[in-house]
Amino acid sequence: MLKRKIIILTLVALLLAGLYLFIHMNFQAMEYLLRTRLEKILAMVLCAVSIGLSTVVFQTLTHNRILTPSIMGLDSVYMFIQTIVVFLFGTGTFVIMQSDAYFFLTILLMVGFAFGLYQLLFRKGHNNLFLLLLVGLVLGTFFGSLSSFMQMIIDPNEFLLIQDKMFASFTNVNTDLLLLSTVIIAVLCVYIFRYRHYFDVMSIGRDHAVNLGVPYEKIVKRMFLVIAVLVAVSTALVGPITFLGLLTANLAREFLQTFRHTYLLAAASLLSIIALLGGQLIVERVFSFSTPISVIINFVGGVYFIYLLIKESKKI
Amino acid sequence: MIVAEKLSKYFGSKKVIQDVSVEVQRGAITSFIGPNGAGKSTLLSMVSRLLKQDDGIVYLDGKNVHKQKSKDLAKTIAILRQSNVVQMKLSVRELVSFGRFPYSSGKLTEEDEQKISEAIAYVNLEELEDKYLNELSGGQRQRAFIAMVLAQDTDYILLDEPLNNLDMKHAVQMMKLLRKLVEDFGKTILLVIHDINFASVYSDRIVAMKDGSIVAEGPTDDIIQSDVLKSIYDLDIDVHNISCNRICVYF
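Chains as they are written, first to last, in this note's numbering: chain A, 1 to 316; chain B, 317 to 567.
Please note that a few of the clues may not be correct.
[Said to hold, decoys possible] Here are the simulated lysine-lysine pairs, DSS-like style, with alpha carbons at most 25 Å apart:
| hint | chain 1 | residue 1 | chain 2 | residue 2 |
| --- | --- | --- | --- | --- |
| 1 | A | LYS3 | B | LYS423 |
| 2 | B | LYS331 | B | LYS387 |
| 3 | B | LYS405 | A | LYS314 |
| 4 | B | LYS447 | A | LYS5 |
| 5 | A | LYS218 | B | LYS368 |
| 6 | B | LYS447 | A | LYS3 |
| 7 | B | LYS405 | B | LYS383 |
| 8 | B | LYS383 | A | LYS218 |
| 9 | B | LYS379 | B | LYS391 |
| 10 | B | LYS447 | A | LYS314 |
| 11 | B | LYS387 | A | LYS221 |
| 12 | A | LYS221 | B | LYS385 |
| 13 | A | LYS218 | B | LYS391 |
[As the list claims (entries may be wrong)] Covered stretches of chain B (in silico footprint by chain A; criterion: 3 or more residues with CB under 8 Å from a CB of chain A, positions within the stretch not fixed):
| hint | region |
| --- | --- |
| 14 | 364-373 |
| 15 | 387-401 |
| 16 | 425-431 |
It is worth saying that the hints were derived from the structure and are not from the lab. Just so it is clear, CB atoms sit at the ideal spot from N, CA and C, and this is done for glycine as well.
Sequences are here, hints too, so could you generate the full structure?
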């Protein structure tokens with residue numbers, strides 16, 4: 001039953017990928033179009049998988065279905081980096097932003113931020129994940145306000161550069177970085193999948209998990225860092241896409257009705273791929289690129305979030 | 317054998333457990349009794365490594381509990397705490413399957429499946445094994461959790477108020493089951509229990525706690541005495557012998 005559902009999702013994802021690849025094909029420029037489209041699909045798959053996996057794991061660690069890793073404040077740190085670079089270098093930024101070094105720097109700073117939080121709160125003997133998230137949230141707001149402040153005082157033309165970065169977009173992904181991102185994300189995926197049975201046990205609560213021999217605190221700490229790297233890589237690659245994970249992780253849970261992470265992780269990734277491919281098709285073929293994909297995703301995700309809140313409050 | 321040496325636990329500046337040393341014999345039921353807030357649950361949590369003590373050491377069969385691999389411990393000692401809420405949609409059988417995790421790491425073998433069926437049969441939930449937990453009554457759910465602990469098949473079983481939510485019939489069945497586990501399989505069982513008559517009839521030894529310390533300890537008959545109980549509960553309790561059991565009347 002569960003396997004069949006996963007197969008259905010895989011087929012839908014493949015269908016959309018095929019559609020995206022061959023729709024409006026100009027056969028004279030076939031080679032070029034295929035290559036650029038395949039690169040875009042790869043970027044979407046990478047982003048989808050990292051967002052899907054990190055959100056499912058994050059929700060299992062926090063025992064909360066309406067949280068996403070963005071609560072750690074990584075998105076704000078990302079925007080802060082973009083803003084400060086534009087603030088300092090002005091219009092010359094565009095060249096900088098395309099460079100590989102900039103990509104690494106962004107990832108490094110975001111992971112550094114998460115690692116700093118981690119050191120500050122876990123190493124001191126605290127084991128409170130929620131305290132750490134709260135501090136992340138506060139710092140995220142802090143960086144967000146700083147960014148807004150700088151965005152106010154810079155040249156409006158330069159602001160356009162930042163605005164471009166505010167929304168995830170697959171239209172101009174830096175293809176040089178795809179290979180490296182693929183390697184990083186693939187390694188982390190394998191790592192997460194090795195823990196899938198532990199996640200099953202962890203989802204029935206800490207005490208039960210410890211009783212059953214799960215090194216709970218150790219896994220929470222490790223996964224916190226893994227999630228941070230996944231979010232950082234995908235954000236640096238395409239930009240922040242907050243609601244995608246919330247949407248797909250919850251849809252995966254609703255669709256499968258299971259606690260088994262083998263299936264949940266796979267379904268969340270596949271649903272993210274479907275959402276991105278479908279969204280991108282709409283962006284390119286219906287809106288003819290007039291709106292970035294994350295606007296659509298955030299709109300659908302936002303509506304779904306409100307639905308979740310209403311549904312959960314009715315339960316009580 | 318479980319040996320706790322000078323255990324202390326603070327929550328903030330409040331001392332919940334103070335220099336508690338206790339030994340628990342193998343192959344017996346030891347009940348921990350005492351008023352609310354005496355630290356019984358906290359003590360059990362520390363013994364089973366769910367909670368780290370601030371001071372002192374717990375030895376399980378001569379080895380320091382907090383220095384052992386969690387996975388190995390899970391095959392030796394199992395604990396069930398009092399409030400068990402699971403938000404997920406989970407069937408009884410799926411819940412009990414978790415008890416095999418220390419052995420199977422998620423991939424159940426024939427033997428695991430058999431142990432799971434046995435555990436479900438022990439608590440009489442065979443007919444409900446495919447029902448979801450949220451469809452069960454409080455007592456049925458409690459028995460499902462106990463089945464999970466039984467499936468874990470450990471030498472030491474720690475139960476924090478296992479009779480919670482159980483009606484009289486199931487409470488008696490549960491205690492008889494625990495007795496059987498001790499007599500037939502040589503298990504060692506530690507209970508936190510509030511009904512002193514259940515403690516009196518079914519346990520071999522009793523440890524009485526009050527305000528974070530142990531106030532009395534010994535074979536059941538030595539503890540179920542009016543004067544001892546008065547010092548524990550501040551309550552006049554008559555003890556009667558009824559068909560070889562010591563029954564307390566305190567109403």
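Each hint, compared with the structure:
1. A/LYS3 / B/LYS423: Judged against 25 Å, a Cα distance of about 16 Å means the pair holds.
2. B/LYS331 / B/LYS387: This hinted pair is violated, its Cα atoms lying about 30 Å apart.
3. B/LYS405 / A/LYS314: holds (18 Å)
4. B/LYS447 / A/LYS5: Status holds; Cα separation ~22 Å.
5. A/LYS218 / B/LYS368: holds (15 Å)
6. B/LYS447 / A/LYS3: Answer holds: B/LYS447 to A/LYS3 is near 22 Å, not above 25 Å.
7. B/LYS405 / B/LYS383: violated (35 Å)
8. B/LYS383 / A/LYS218: holds (15 Å)
9. B/LYS379 / B/LYS391: holds (14 Å)
10. B/LYS447 / A/LYS314: Holds, at roughly 23 Å.
11. B/LYS387 / A/LYS221: Given pair B/LYS387, A/LYS221 holds - Cα atoms ~18 Å apart, limit 25 Å.
12. A/LYS221 / B/LYS385: Satisfied, since the Cα-Cα distance of roughly 18 Å is no more than 25 Å.
13. A/LYS218 / B/LYS391: holds (20 Å)
14. 364-373: That given contact holds, which follows from 3 residues of the region 364-373 of chain B lying within Cβ reach (below 8 Å) of chain A.
15. 387-401: holds (count 11)
16. 425-431: Coverage by chain A is violated for the region 425-431 of chain B (0 residues, Cβ < 8 Å).
Checked against the numbered hints listed earlier, the structure breaks hints 2, 7, 16; every other hint is satisfied.
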